[in-house]
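K.L.:
Sequence:
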Amino acid sequence: MLKNIKISTKISLLVLLLTGLAIVAISFFTQDYNKKNIYEKYAATLGALAETKSDYVDQQAERIKQALVILQNSDVLKNQNSPAPEEGGMDLMDMFGGGDEAADESESDSLAGADPVISFLQTQKELFGFESIMIITPKGSIIKSTEGEAGNFTDPDGATFDKGRMGFYFSAVYKEAKDYFGFATAPIEIGGETQLIVIRYSLNDLNAYLTNYTGLGKTGETILLRQDPILKTFTIITPTRLDPNGPIRVVENKELVETLQTEDKAKEKLHQAKDTRGEEVYRILKKIDNTGWVLLTKISKAEADSIDGSLTRVFMYAGICIMTLALLLTMTLSRALTRPLLDVRNTLNLVAQGVLPETTEEHSKDEFGQMAYKVDELVVTLKNNAQFAQRIGEGKYDSHFTPASENDLLGMSLINMRQNLVENEKRDNERNWIVRGVAGISEVLRMHDSIEGMGDDVIKFILDKIEAIQGAFYVVNDDDEAQKLIEMRASYAYGRKKYLKRSFRFAEGLVGQAVAEKDTIVRTEIPDEYVTLTSGLLGDQRPTALLIVPLITNEEVYGVLEFAGFKKFTPSQINFVKELSLILARTIFNIKVNERTRNLLEESQKMSNELQEKGEVLRQNAEEMQATSEELERSNKKLEEQIEEVNRTQKRMQLLLENASEVITIYEDDESIRYISPSVETILGYEQKELIGHSDIENVKAEYHEVMKGFFQKLREHPEERASVQYEYKTKSGEFIWIETTGTNAMSNPAIHGFILNSRDITERRRAEQETRMRSKMQALSENSPDLITRLENEAISYINPVIESYTGQKPSLFLNRKMQETDIDKAIIDGWLRVLEEVNTTNKTVATEMDFPSELGQRVMQVNAIPEFDENSKLESVLVVSHDITERKMIELEIQNKNKKITESINYAKRIQTAILPNNRVINKTLPDSFILYKPRDVVSGDFPWYMQVKEDIYIAAVDCTGHGVPGALLSLIGYFLLNDIVRSRKITEPGIILDLLDEGVTKTLRQDEDSTTKDGMDIALCKINMDTREVEYAGAHRPLYAMKNGVMEEVKGNKFPIGGGIYKNQTNFTNTKLTLGKGDSIYFSSDGFPDQFGGPEGRKFGPKKVREVIERVHKLPMPDAHTIFDEEWENWRGEQKQTDDVLLIGIKF
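Per this note's numbering: the sequence shown = residues 2 to 1152.
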């Protein structure tokens, strides 16, 4: 359909369509932008209000939890029966803000003589502003109370007692008249028993703060909910805007409960939902940690969207006016645009028909005029290409032609076609020239059947053909296969034969190199040693070009052609010589074969004549030998009969020697073997020929070499005596066996003249003797062993040592050779032994186990080792059961386990306290969303801890490393935590350098290091004060640096070189305060020394600050969760199998 519409109509429709789309798009995006602005305005307003109010609620809940922790750790409550501790130092109450000496003094005076527990509880109640504090039993009986109450305390919501025993718990909230109140509970150990701390607190101040609706319009409000995830309900525990004096009520809202149960961070941002009355609202939810409370800030969606009404009508009126104006302009422009296109269309129609018209009339200067000019240029280019193609067709290859441009495909193709035609003609001429040369050389070769005459004619022919001035013909002489030579057979220079004689070895000179490499050599740089020839006209001149071609056929070199000239050889001349080389190589091969055949025929004829002459002489000799042969035959017959008898005797002796149980050896005087009997193969594994003629002393074990030398020396000194010796000898298989040798000196016997040695294998005899000795030793050890040793054979007792008498009161003889079931041994012991026997029978391996052993000494515990014993056929013969009494060791182990359990429970409880006090990623991410904390305690509790506090717009965050780790480090961490809280929150100190000065002073006083310099406990710290709005960072540090990435460049701020606490250091000054201003995307990193000090890697070295900096430079552009993962993986990969050296704490923050 669009193909049939004129272009003027298309332009008009297109302009109108674009105008309409633009009006709709602008209207849509403007309205959408306005909606987003309204939404973002309420998101920012509600978000700020929700964040501020949730922080306030968090602080109130944190205040209650800190009070519970102080009460849990109070020695006054834990030791109620003991007097209150003396004053001295700074306790946790002092750290939290109770350090006013005048107030303490007056308060202690007023409570003098009162119950110290009640006094302490009353002090804490007034300090924190609670309504009452009670200590109760898990069943509700009141032990102590600030109100002086006695009797029972009723569980407010039915779960307070149970959940309070497990940790911090905030009960349901209640209302009396206009007062809102609730209960908070926590466990406490008093006198080894778990009791409960119950605090009644008021929510009136909190409600007054939450019911301030400034910034929430007419319908907005902030209410506090208490969630019940099991019943999928929630309780409104603060007054609402519509019903400020209404009761506390329970409302079912499954959508709200399910939203709160998810871990999605989106619920803490502005989102749309329905409230309890079914009205659409915008709301923000904030969970209050460890309380079960949820802060809900909302505003009616109708109120928020009320601004968006009147814009639609304005956009409609403006759109109608713009469309009318666009229609008039489009009609005018389309007529002016289409007129030049008609002229271009007519010209292109003629070109399409093959007509190349003259140029059109003068054109305008706009794009359509430029298009017409380009059409004229196209016509001119086509005319030039047509004329050039016509000249090529006429054979005028030298015609001048210039393409329109490098991109003129047709023109460039015509030029390439001309060039290809010229090159093809040239290649045909060269090929015809080579073919004529090959035909000429074939005529020359047919005229010769010897190499000498052929060489002269071949060289002369090729020299004339390739226009060279000199040439040589070489043939490979292979008469001596060990040293082949390349000999010159013909040479020509300046048209005359030269009688030169030269020869080369393979790889010698250029000729030898061409033969060795089987490749053509073309040189234009002639070596100095190259031969020169003198011409009567030209004188003594050196050639300027050299061509050497090996003559190769069937991968074999038969000769070489060498040519020299004053001009460079053309590729066609080189190809011509290469083609001739194959023909010449085959010709040389055929000539050599023919010459070799002629030589063999001549030699064969000569040898035939010589054989005829010698045949006659042999015939005469044969007659004489006939007579001699008959005489020999008679003698041989007698000799064969004698030999047969000797052979039978030798076979008998061979059988005797082969099956003898001894090896008979005759040694020369130099102790080499002259003879050894065949039995050596069955006894020692060696063949006779392996030992005869050699000394076998190397087969004797090294420690017996001197023994054998003494043995031979004894035979020499006392030839009339026989000597014996025992030693270890290595068989052919490499195994050492025991040999007993008896020797006789037969040097005086001329038939023997040597030492005769008879050797036998006594390995089994030695093993039996050794086993007898071992059994005797084992018997003695068993009889005197404190362990109970029993040998069992087929469930019968074949041996039992005297120890059985101390356990049963019966002699060992009463148990021997009797089935276990037939003896008086306790059934539990028999069952245990039978289980061990069954396992040994199944596995044929030693079995170790533990079992109870009732005896006259009482109930004992035995460690039983069952050892299998095998016979000579490797079959299980008996089982040796060794029972070792480990009763005392087991009692010690049980005591250690009980103590370890108590210690572990105490440490885990300390961990819960430390975890409840210290901030975590979720708390910090509320104000520092793009940040992370990498926290890896070495033990259950940690000496490293992160500290965090927000005061108005300023955020304080620190990485603190206390001396040591585990429980000692955790105790120091509590001191540091409460001191920092007191300095910043109570004393209102804001500068990090001054905060560290006061922290150093507080630690020194608390640990009394100003009085006793022997204690060096303290802490390293990296402290930052951050303003996220201005992106300003103030830093102070003790032994720890700050790494800042600014615009991709690392800046390291070093901390002071003295710690917090640890005594007074020489040259110690105030801590330095450093200010940094960062930009968007910049980041900071600081850590405890446990991160860089970790040992690991391939060489077991420290991770080190350098590698920390490298990782920071690699990850600083990534989101902080990804950077956290990479830091963790890099550190863990470096640690590998190494043990963690110290607690690890690393904090990263991106702006």
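If you are wondering where the hints come from, they were derived from the structure by calculation, not from laboratory data. Incorrect hints may appear among the rest.
Only pairs whose alpha carbons sit at most 30 Å apart, straight line, appear in this in silico DSS-like list of lysine-lysine [as the list claims (entries may be wrong)]:
| no. | residue 1 | residue 2 |
| --- | --- | --- |
| 1 | K498 | K607 |
| 2 | K615 | K485 |
| 3 | K375 | K427 |
| 4 | K1006 | K79 |
| 5 | K176 | K219 |
| 6 | K461 | K568 |
| 7 | K1081 | K1140 |
| 8 | K989 | K953 |
| 9 | K953 | K903 |
| 10 | K1006 | K54 |
| 11 | K54 | K79 |
| 12 | K927 | K953 |
| 13 | K937 | K1103 |
| 14 | K1055 | K989 |
| 15 | K66 | K912 |
| 16 | K485 | K502 |
| 17 | K1107 | K1140 |
| 18 | K427 | K499 |
| 19 | K485 | K498 |
| 20 | K176 | K288 |
Have a look at the derived ranges for each label pair, beta carbon to beta carbon [said to hold, decoys possible]:
| no. | residue 1 | residue 2 | range |
| --- | --- | --- | --- |
| 21 | R675 | E617 | 22 to 32 Å |
| 22 | E722 | R675 | 54 to 64 Å |
| 23 | T521 | F567 | 47 to 57 Å |
Treat the numbers as computed from the prediction; the structure is a model and nothing was measured. Ideal Cβ positions, reconstructed from N, Cα and C, are used throughout, including at glycine.
K.L.:
Take the hints in turn and mark each one as holding or not.
P.N.:
Hint by hint, here is what the structure shows:
{"no.": "1", "hint": "K498 / K607", "result": "39 Å, violated"}
{"no.": "2", "hint": "K615 / K485", "result": "38 Å, violated"}
{"no.": "3", "hint": "K375 / K427", "result": "40 Å, violated"}
{"no.": "4", "hint": "K1006 / K79", "result": "25 Å, holds"}
{"no.": "5", "hint": "K176 / K219", "result": "27 Å, holds"}
{"no.": "6", "hint": "K461 / K568", "result": "18 Å, holds"}
{"no.": "7", "hint": "K1081 / K1140", "result": "39 Å, violated"}
{"no.": "8", "hint": "K989 / K953", "result": "12 Å, holds"}
{"no.": "9", "hint": "K953 / K903", "result": "44 Å, violated"}
{"no.": "10", "hint": "K1006 / K54", "result": "37 Å, violated"}
{"no.": "11", "hint": "K54 / K79", "result": "36 Å, violated"}
{"no.": "12", "hint": "K927 / K953", "result": "14 Å, holds"}
{"no.": "13", "hint": "K937 / K1103", "result": "17 Å, holds"}
{"no.": "14", "hint": "K1055 / K989", "result": "26 Å, holds"}
{"no.": "15", "hint": "K66 / K912", "result": "15 Å, holds"}
{"no.": "16", "hint": "K485 / K502", "result": "16 Å, holds"}
{"no.": "17", "hint": "K1107 / K1140", "result": "21 Å, holds"}
{"no.": "18", "hint": "K427 / K499", "result": "36 Å, violated"}
{"no.": "19", "hint": "K485 / K498", "result": "26 Å, holds"}
{"no.": "20", "hint": "K176 / K288", "result": "22 Å, holds"}
{"no.": "21", "hint": "R675 / E617: 22 to 32 Å", "result": "53 Å, violated"}
{"no.": "22", "hint": "E722 / R675: 54 to 64 Å", "result": "22 Å, violated"}
{"no.": "23", "hint": "T521 / F567: 47 to 57 Å", "result": "20 Å, violated"}
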